[in-house]
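The sequence shown runs 4 to 73 under my numbering.
Read the hints as simulated data drawn from the structure, not as lab findings.
Be careful, since some hints might not be right.
So the derived label-pair ranges between C-beta atoms look like this [to be verified]:
#1 ASN68 with LYS40: 17 to 23 angstroms
#2 THR26 with LYS66: 27 to 33 angstroms
#3 GLU44 with ASN68: 14 to 20 angstroms
Taking lysine-lysine pairs in the PhoX-like style, the calculated list, with each CA pair at most 20 angstroms apart, reads [claimed, not checked]:
#4 LYS40 with LYS18
#5 LYS40 with LYS66
#6 LYS66 with LYS18
From the three backbone atoms N, C-alpha and C, an ideal C-beta is built for every residue, glycine too.
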Amino acid sequence: MPALSPTMEEGTLAKWHVKVGDTVRSGDVIAEIETDKATMEVEAVDEGVVEEILVPEGSEEVKVNTPIAR
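Please work from the sequences and hints to get the whole structure.
Following this line, the structure appears as structure tokens:
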């Protein structure tokens, strides 16, 4: 779970934009994260193939720095 602000401690994984097996490039939107203040898109930082979704869509109270996919 990326930190979307300096004070963010947890968030909700609102929606996945990718599925297992998808190829992503740096900058592709892969998910939407909700906080108590906003909903923001998360972009891939590297190129690769999504091997596993670690945090299901709709998961709440996901702590910052928790891996969400690999």
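Quiz item: CB of GLU44 to CB of ASN68, is that within 14 to 20 angstroms?
Solution: holds (19 angstroms)
Quiz item: Has the given pair, LYS40 with LYS66, been kept, meaning a C-alpha gap of at most 20 angstroms?
Solution: holds (16 angstroms)
Practice problem: Kindly confirm whether 17 to 23 angstroms is satisfied by the beta carbon distance between ASN68 and LYS40. | Solution: holds (19 angstroms)
Quiz item: Given the hinted pair LYS66 and LYS18, is their alpha-carbon gap at most 20 angstroms?
Solution: holds (16 angstroms)
Exercise. Look at the Cβ atoms of THR26 and LYS66 and judge whether their distance stays inside 27 to 33 angstroms.
Key: holds (28 angstroms)
Quiz item: Within 20 angstroms, alpha carbon to alpha carbon, are LYS40 and LYS18?
Solution: Measuring from Cα to Cα gives roughly 17 angstroms; hence the hint holds.
No hint from the list above goes unmet by this structure.
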